[in-house]
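These protein sequence lines are chains A, P, R and V, in that order.
Per this note's numbering, the first sequence starts with residue 1, numbered consecutively.
Per this note's numbering, the second sequence starts with residue 1, numbered consecutively.
Per this note's numbering, the third sequence starts with residue 1, numbered consecutively.
Per this note's numbering, the fourth sequence starts with residue 1, numbered consecutively.
In case anyone wonders, no lab produced these hints; they're calculated from the structure.
The beta-carbon is built from N, C-alpha and C at its ideal position, and this holds for glycine as well.
Do not take every clue at face value.
[Stated by the list, open to error] Calculated pairs, BS3-like style, for lysine-lysine (alpha carbon to alpha carbon, straight line, at most 30 Å):
#, chain 1, residue 1, chain 2, residue 2
1, R, LYS6, P, LYS12
2, V, LYS20, V, LYS115
3, A, LYS58, P, LYS12
4, V, LYS111, R, LYS67
[Stated by the list, open to error] Stretch-level coverage of chain A by chain V, calculated; a stretch enters the list once three of its residues show a Cβ under 8 Å from a Cβ in chain V:
#, region
5, 49-56
6, 172-181
7, 234-240
8, 321-328
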Amino acid sequence: MSAHEKAAPGPTVIPFGPQHPVLPEPLHFDLVLQDEKVIDAIPQIGYIHRGLELLVDKRDYLDYVHVAERICGICSFMHGMGYCEAVETLLGITVPDRGRWLRTFWCELERVHSHLLWLGLGADSLGFENLFMAAWRARETVVDVAEETAGGRVIFGSALVGGVSKDPSDETLKRCIAAMKPVRAETLRLANVVMNESTVRHRFEGVGVLSKEMAYALGAVGPMLRASGVDYDVRRRGYAAYAEVDFETVTETAGDCMARALVRVREIEQSFHIMDQIVATMPSGPVAVPVKGMPPVGEAWVRLEQPRGEVLYYVRSNGTRNLERFRVRTPTFANVPAMVEAVRGASLADVPNIILTIDPCISCTER
Amino acid sequence: MARTAFRNFFTKPATRRYPFVVRPVFEATRGRILNDFPKCILCSMCAKHCPANAIVVDKAAGLWRIDRFACVICGACIRACPVKCLAMSNERAKGIDFSDIPGRTHEHNRATEPAAPKPAAPAAGTPNA
Amino acid sequence: MSGIEKSPWLIHYDASSCNGCDIEVLACLTPMYDAERFGCIVTGDPKQADIFLITGSVNHLNIPVVKNLYEQMPEPKAVVAIGACAYTGGVFSECYNISGGVANVIPVDVYVPGCAAKPESILDGVVRAAQILAEKRKSLKVSQREKRKAMKKAKRVKGGAKAAGGQS
Amino acid sequence: MIVREIQTLEEITVGDLIPKVHALKAEGWRIIQVLAVSGPEANELTYSFGLGMQFKLLRFRVGSEQTVPSITPVYVAAYLYENEIRDLFGVKIERIAVDWLGKVYDVKGDKPFSKVTVTGACVECPPSTIIQGTKS
Chain A
1 MSAHEKAAPG
11 PTVIPFGPQH
21 PVLPEPLHFD
31 LVLQDEKVID
41 AIPQIGYIHR
51 GLELLVDKRD
61 YLDYVHVAER
71 ICGICSFMHG
81 MGYCEAVETL
91 LGITVPDRGR
101 WLRTFWCELE
111 RVHSHLLWLG
121 LGADSLGFEN
131 LFMAAWRARE
141 TVVDVAEETA
151 GGRVIFGSAL
161 VGGVSKDPSD
171 ETLKRCIAAM
181 KPVRAETLRL
191 ANVVMNESTV
201 RHRFEGVGVL
211 SKEMAYALGA
221 VGPMLRASGV
231 DYDVRRRGYA
241 AYAEVDFETV
251 TETAGDCMAR
261 ALVRVREIEQ
271 SFHIMDQIVA
281 TMPSGPVAVP
291 VKGMPPVGEA
301 WVRLEQPRGE
311 VLYYVRSNGT
321 RNLERFRVRT
331 PTFANVPAMV
341 EAVRGASLAD
351 VPNIILTIDP
361 CISCTER
Chain P
1 MARTAFRNFF
11 TKPATRRYPF
21 VVRPVFEATR
31 GRILNDFPKC
41 ILCSMCAKHC
51 PANAIVVDKA
61 AGLWRIDRFA
71 CVICGACIRA
81 CPVKCLAMSN
91 ERAKGIDFSD
101 IPGRTHEHNR
111 ATEPAAPKPA
121 APAAGTPNA
Chain R
1 MSGIEKSPWL
11 IHYDASSCNG
21 CDIEVLACLT
31 PMYDAERFGC
41 IVTGDPKQAD
51 IFLITGSVNH
61 LNIPVVKNLY
71 EQMPEPKAVV
81 AIGACAYTGG
91 VFSECYNISG
101 GVANVIPVDV
111 YVPGCAAKPE
121 SILDGVVRAA
131 QILAEKRKSL
141 KVSQREKRKA
151 MKKAKRVKGG
161 AKAAGGQS
Chain V
1 MIVREIQTLE
11 EITVGDLIPK
21 VHALKAEGWR
31 IIQVLAVSGP
41 EANELTYSFG
51 LGMQFKLLRF
61 RVGSEQTVPS
71 ITPVYVAAYL
81 YENEIRDLFG
91 VKIERIAVDW
101 LGKVYDVKGD
111 KPFSKVTVTG
121 ACVECPPSTI
131 IQGTKS
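Here chain A stands alone, though its shape is the one from the complex:
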């Protein structure tokens, strides 16, 4: 029997990653293929595992916020703030109004920056360099606003137990909102490109479909869940100043890559809407309350909505300066089973698209 006659081979295993041009971060998949179809995907994580949850043994609970901010560089402020909210719940502290408003402002700013970043990377996975560059050009204004108000481009560094550490003036905030006007227009233009461009539609529509039941059962969170038609947004809990602003939860029903892209693009518009309200109603006063002494014995759970979905923080104190346990359940960690499910049945060339449309953040996942 010649080599040509040896058709219809069994399943082939193709390694994907850890170093892959499409992935900015290392993630390894063993893709089990039958011809071009993926029949199973086995993720292997651990390339970025640091074990930072154990660092609470070595760091003062007030200083740990700087480590918490570096769980992930994209949703850095929200990680810092989530840790702070958990510790504040433990201590029974109420953050002053201006601090809460600023936190909301930065959360939404981070959401815009993250979604624009995702849009660029998603376009890059299609080979649509033009959209990649356009999205990142728009994003530069957003990170400039972050640097002007919070002090850092990606790691904001303004989260603090008891409030926030930076207090930009009302004029600065108004100027920033005005500076972001062109970004809003640009976002609408990019949304139009995503919806109508045949290249994007060809690669995104009907690819990586995740049904509503499946997404819910697999514990997916964030845009991944909302793209499948489940209305679930932890901002409805009303933490920070979300109880005082008006916004709508964006949902789509198709559950494919296109739906996930559209949820994110439309969420950018909502975030701008929230930021407008925040700056218009910004109260005056202090931004933080001083925190001193030991945390009381106890525990606290806090849930927030990050750009990638629901995140959960847990702190437990034994009454000393070092917390007994800190735990963060990050959105991508919850999305991994759903990601594996979405990849199953896709063709090999679509795997990078699908993996990128869940917006994986590996350094969050592995901590």
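Knowing the structure of chain A, use the given hints to seat chains P, R and V on it.
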């Protein structure tokens, strides 16, 4: 498409020609940590609170040293400082060759900079680039 | 060929950083900073790359990956370690799964400070790495020329000896 | 439209876990996470479930020699948490649907998160009584 071409014709390029055009830094930017050394009491609170272990304080030798490369510019030292001699500058530290050890860390020494009895002029010696 | 230093190709790998420096590396390539002005292109293939941009500290799982990528790169090559994590481990230096900075595994030529490193700093680092690359290339050329000379000399001596041997 | 979050903590025993989880699944709760906290005598496991903004916790403690049944037959998505807890804490979780065989993170050292010093079964040890945070 004609509209895009037309628009691109009249808009400025998006690129900032970096080495020639440097954007002025924002006031709030976290750039690097400076020490107003005459005020410093070498209590090593900053070293204790530094999450990246970038600061070394040796009270006996009168030495305060920060490693610019290990520093994560979080400002924990500034909050911890009891005499408020530390401050955040908004100018960033620049990338340097690894062989250039003296540029890597920034050192203050009591032998060359005596302690001031009252708040005095900023520390001598320009902080490294 | 006028020199690789005029158009160094980059490869980027995230060892165990928090992502902050990675997105800044990507920001360097996008219109505002546009590292391609310096002739740089980010490639996914280590065999075509001249400058290795590495972010984050190493852990025992990715040490072989980093080594593997470095060894696949052709000589001369330069390594740019970006951010505080790549230098000592940064805020994670005391984590149980972190084995310190990148220099523990591969030789580093340029460090870029910051957490997260700014795109301007990264551009400075890349430009400095391109200079180092040029120096390395020059010394590599010299050493190769000397090697060739030595080989030729050895051949001549050997040949002479053979010829002499043949005559006797 | 703001929905108030309701957090409830229920202390159970290992044997109650699977029936309880079945009941929650039937009511439409979704898995949020599984948390382990290590103590000198035993590991404490907390299973979190969500339904809308409600947040329910099931908690029990297990000794180092005790086995815990996997909840993956009910909630498949729990396999990541269970693999992680088995790797990092050394909790003996049996029959996980997607088993990584101790290779989730491939970390340096064995069970780095475990603080258990007393080996053996811990049948009698009750869940730790911890004061809930003020917002609970």
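* To do: Would you check chain V against the region 172-181 of chain A, counting CB to CB pairs closer than 8 Å, and say if three or more residues qualify?
  => violated (count 0)
* Three-residue Cβ test at 8 Å for the coverage of the region 234-240 of chain A by chain V -> With 4 residues close enough to chain V, the hint holds.
* Are there at least three residues in the region 49-56 of chain A whose beta carbon sits under 8 Å from a beta carbon of chain V? -> holds (count 4)
* To do: Take the C-alpha atoms of LYS58 of chain A and LYS12 of chain P, compute the straight-line distance between them, and say whether it is at most 30 Å.
  => violated (51 Å)
* Asked: Given the proposed pairing of LYS20 of chain V with LYS115 of chain V, does the C-alpha separation stay at or below 30 Å?
  -> Distance of about 28 Å is within 30 Å: holds.
* Asked: Would the pair LYS6 of chain R and LYS12 of chain P pass a check requiring their Cα atoms to be no farther apart than 30 Å?
  -> holds (26 Å)
* Asked: If you look at each residue in the region 321-328 of chain A, do at least three have a Cβ nearer than 8 Å to any Cβ of chain V?
  -> holds (count 3)
* Does the structure keep LYS111 of chain V and LYS67 of chain R at a Cα separation of 30 Å or less? -> holds (27 Å)
In this structure, the earlier hints numbered 3 and 6 are contradicted, and the remaining ones agree with it.
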